[in-house]
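Undergrad: These are the residues of each chain, in order.
2 protein chains.
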Amino acid sequence: MAVLSRLGVNGDRLMGWINRLAKVGRQPNGDICRLAFTQEDLQARYLVQQWMMEAGLTVRTDAAGNLIGTYAGLLDGVPALATGSHIDTVPSGGAYDGVLGVLAGIEVVKTLQDNQVRLKHPLEVIVFTDEESSMVGARSMAGLVPESPADLKLRDGLNITDCLEAIGGNWEAIKTAKRGRDRIAAFVELHVEQGAVLERAGKEIGVVQGIVGMRRSKITILGQANHAGTTPMDMRQDALVAAAQVVLAVRDIALVMPGDPVATVGYLTVAPNAANIVPGQVELTVDIRDLSQGCMDAMQARLEAELRAIATATDTTISTELILFVPPSPATDRIQATIAAVCEDLHLSSISMPSRAGHDAMEMGRITDMGMIFVPSQQGLSHSGREYTPPEQCIQGANVLLQTFLRLDEMY
Amino acid sequence: MAVLSRLGVNGDRLMGWINRLAKVGRQPNGDICRLAFTQEDLQARYLVQQWMMEAGLTVRTDAAGNLIGTYAGLLDGVPALATGSHIDTVPSGGAYDGVLGVLAGIEVVKTLQDNQVRLKHPLEVIVFTDEESSMVGARSMAGLVPESPADLKLRDGLNITDCLEAIGGNWEAIKTAKRGRDRIAAFVELHVEQGAVLERAGKEIGVVQGIVGMRRSKITILGQANHAGTTPMDMRQDALVAAAQVVLAVRDIALVMPGDPVATVGYLTVAPNAANIVPGQVELTVDIRDLSQGCMDAMQARLEAELRAIATATDTTISTELILFVPPSPATDRIQATIAAVCEDLHLSSISMPSRAGHDAMEMGRITDMGMIFVPSQQGLSHSGREYTPPEQCIQGANVLLQTFLRLDEMY
Chain A
522 MAVLSRLGVN
532 GDRLMGWINR
542 LAKVGRQPNG
552 DICRLAFTQE
562 DLQARYLVQQ
572 WMMEAGLTVR
582 TDAAGNLIGT
592 YAGLLDGVPA
602 LATGSHIDTV
612 PSGGAYDGVL
622 GVLAGIEVVK
632 TLQDNQVRLK
642 HPLEVIVFTD
652 EESSMVGARS
662 MAGLVPESPA
672 DLKLRDGLNI
682 TDCLEAIGGN
692 WEAIKTAKRG
702 RDRIAAFVEL
712 HVEQGAVLER
722 AGKEIGVVQG
732 IVGMRRSKIT
742 ILGQANHAGT
752 TPMDMRQDAL
762 VAAAQVVLAV
772 RDIALVMPGD
782 PVATVGYLTV
792 APNAANIVPG
802 QVELTVDIRD
812 LSQGCMDAMQ
822 ARLEAELRAI
832 ATATDTTIST
842 ELILFVPPSP
852 ATDRIQATIA
862 AVCEDLHLSS
872 ISMPSRAGHD
882 AMEMGRITDM
892 GMIFVPSQQG
902 LSHSGREYTP
912 PEQCIQGANV
922 LLQTFLRLDE
932 MY
Chain B
522 MAVLSRLGVN
532 GDRLMGWINR
542 LAKVGRQPNG
552 DICRLAFTQE
562 DLQARYLVQQ
572 WMMEAGLTVR
582 TDAAGNLIGT
592 YAGLLDGVPA
602 LATGSHIDTV
612 PSGGAYDGVL
622 GVLAGIEVVK
632 TLQDNQVRLK
642 HPLEVIVFTD
652 EESSMVGARS
662 MAGLVPESPA
672 DLKLRDGLNI
682 TDCLEAIGGN
692 WEAIKTAKRG
702 RDRIAAFVEL
712 HVEQGAVLER
722 AGKEIGVVQG
732 IVGMRRSKIT
742 ILGQANHAGT
752 TPMDMRQDAL
762 VAAAQVVLAV
772 RDIALVMPGD
782 PVATVGYLTV
792 APNAANIVPG
802 QVELTVDIRD
812 LSQGCMDAMQ
822 ARLEAELRAI
832 ATATDTTIST
842 ELILFVPPSP
852 ATDRIQATIA
862 AVCEDLHLSS
872 ISMPSRAGHD
882 AMEMGRITDM
892 GMIFVPSQQG
902 LSHSGREYTP
912 PEQCIQGANV
922 LLQTFLRLDE
932 MY
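For the record, the sequence lines run as chains A and B. For the record, in the first sequence the residue sitting at position 381 is 902 according to the numbering used here, with numbers rising by one throughout. For the record, in the second sequence the residue sitting at position 215 is 736 according to the numbering used here, with numbers rising by one throughout.
So that you can see chain A by itself, here it is in the shape it has in the complex (with noise of 0.2 Å):
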């Protein structure tokens, strides 16, 4: 039997089977358009399928259409480990996103079955359905779908009984897709970064400390039309001098605080948005992010001072509507230092970072143990055919993500 700490991945494997999957679904202009339930989606899954059956995995489909593969563990009856992503892309997607998740843990399991290992926790490669849009495998997995798939943030037009039925599912079922910690012990996904954070700090592998929390409100500011000769500056209730107070504050309140939460205001109107009128009306969004929920409070109450303040000073009406609120979900401890030992006994450099964008473990961390490693994007690029990981650093996170559960099969 092999020298455990020294098995690493078939790198030209991982990085055949990752620019074969690119070839589904690749546009005129080098983007990627895979969305989940299409037929290029279905294409993908069935040479997903083949891969994961040569690697020695069973395969199966849940309710939520989510494609399950499990490697037998030696014993019976304990709950199993798992990794996975997904293979849906944005309609301009690439070639990594999602992808590297899912081909890494097929590769991590292919490497075990090629030197006879196998682990005491059976390890499951799960690809996760429709992650870019609904979410709804992962959802279902952590229990959180929804009554009404009329809360569920489908694309336009589509039907999600027939969604899934296309893909093996049964939206009828939905609720036995649920899984829990006595079934899955561990969850750990290997993402690229979709940021350029790794590459600014020249780092090799990002250790995740959990996926951030997002609260997104809409602020409507009421003022008073008026004509922009006429009325002088004293007797103004300027919508957007209102506004452009409030997106200050809002970035301020990012600045000031511990940690690195971001705040945006992304979209913004102006009514009646004419050059000789003073504006009466302004409808903006605000969006919070961060790892901490008591950072995210803590913003939240700060915004709130501050829309009372500028609504007193500009003579204007500030109300606010919360439109999204999804809770941080913290990657658990040990798995975080498991992965950052990993790094140091591989030899590659690491840091610590949240992950400001969403993704299937944000979902698993609500019912399990979960962690996450990232690796670098070049430029930061992201949803979009120039997506680039070199495929030195695509092998380096797969065997990170094979050490870490050769360590995590000791300790669950």
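Quick caveat, the hints were computed from the structure, so don't treat them as lab data. Take the hints with a grain of salt, since some may be wrong.
Any copy, or any two copies together, can satisfy a pair, since identical chains are not distinguished.
[Unchecked claim] SDA-like mimics (lysine to any residue), calculated; alpha carbons at most 20 Å apart, straight line: (1) K544 to E653; (2) K724 to P753; (3) K674 to H748; (4) K674 to A795; (5) K696 to P851; (6) K724 to R547; (7) K739 to N794; (8) K724 to M756; (9) K739 to A795; (10) K699 to H748; (11) K544 to R702; (12) K739 to T790; (13) K641 to G594; (14) K739 to A830; (15) K699 to D672; (16) K699 to Q560; (17) K544 to D683; (18) K724 to L556; (19) K724 to D755; (20) K699 to D635; (21) K699 to S613; (22) K739 to T697; (23) K696 to I888.
Computed from a predicted structure; not experimentally measured.
We have chain A; now place chain B onto it with these hints.
TA: Frame of chain A; chain B shown alone:
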């Protein structure tokens, strides 16, 4: 012969004319729609022309369609004194905007005629063409009509040749409408304020210091659109954060300058304008108005310095494009002094104030001595069927106009 300083207009007759004209173009909701060159405009001109003739005015229409009534003076070969305004409205206009100035002018002449008073100078009452849109009437008289009809701000779908023909004008001969100081020695316009300054100050008459100039620019801010989750605050080039600083800088520039300049960002659009994307581009307009060209120049210089500082601080590129410039049109000092003295003698309270909206007097001020008299607009409302000035205040304005011409007749 009457004691001139005790002469007063016939208020009932004036209000009768105003109320009669308000029926032309009256909509079910109370607004008045009497767009220039329409059948309603012609109907109103027809009525006004009759009232002019009844008041002893000799009537003609110039090439720009301006309806000009002349009350002959005692002296030959001297330039006229002139008053007037407009009878066209915006699509949802009121009963006083423009109309008061025209009908008070006719009433002034009718009062002189009733009292067998003749001035030394001819006195003209002018109905200017299309004040609410192209200002082609006043601009032609000032010799400022553009060579190309495309440069006239005519309502969509109209043809200036046809428009002028419909009201007795002639585009081919438009240059013959030009007047000069040799033909008109002084022009004084009575108008409703269209703002709430007089009402707030509790004053009966506004002695207009001049009509403010306007500089309107389009500002384009280029940042970098980016993921609102994965882009740390210190890596952003947020065009909306830059724009917010511009909005506040524009307001602050107006607040710190001497006098009462106004500065407005009325139009602002964000791209891509999505809650989860750091804004990459913002376009906005800056509209600066003041009575003093020097003040406007200083504001512009200050704005440009602020834009440079904001671009540097936010790592964005900011470009500006001038889209409209109208120089200020100051009222003649001795006409302002005369109006103020008349108010004092009539025991009417008055304040000096700029006009921040455009008027026919603005263009007349470019060719001869000019003054304007404001009466209050209830709640500052204008361009609405709810526009209202009580009869007492309309009549006070007409009496100030009458006494002002009696004095100017001695001064010119």
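Undergrad: What hints, given by number in increasing order, does this structure fail?
TA: Hints 5, 6, 10, 11, 16, 17, 18, 20, 21 and 22 not satisfied by this model.
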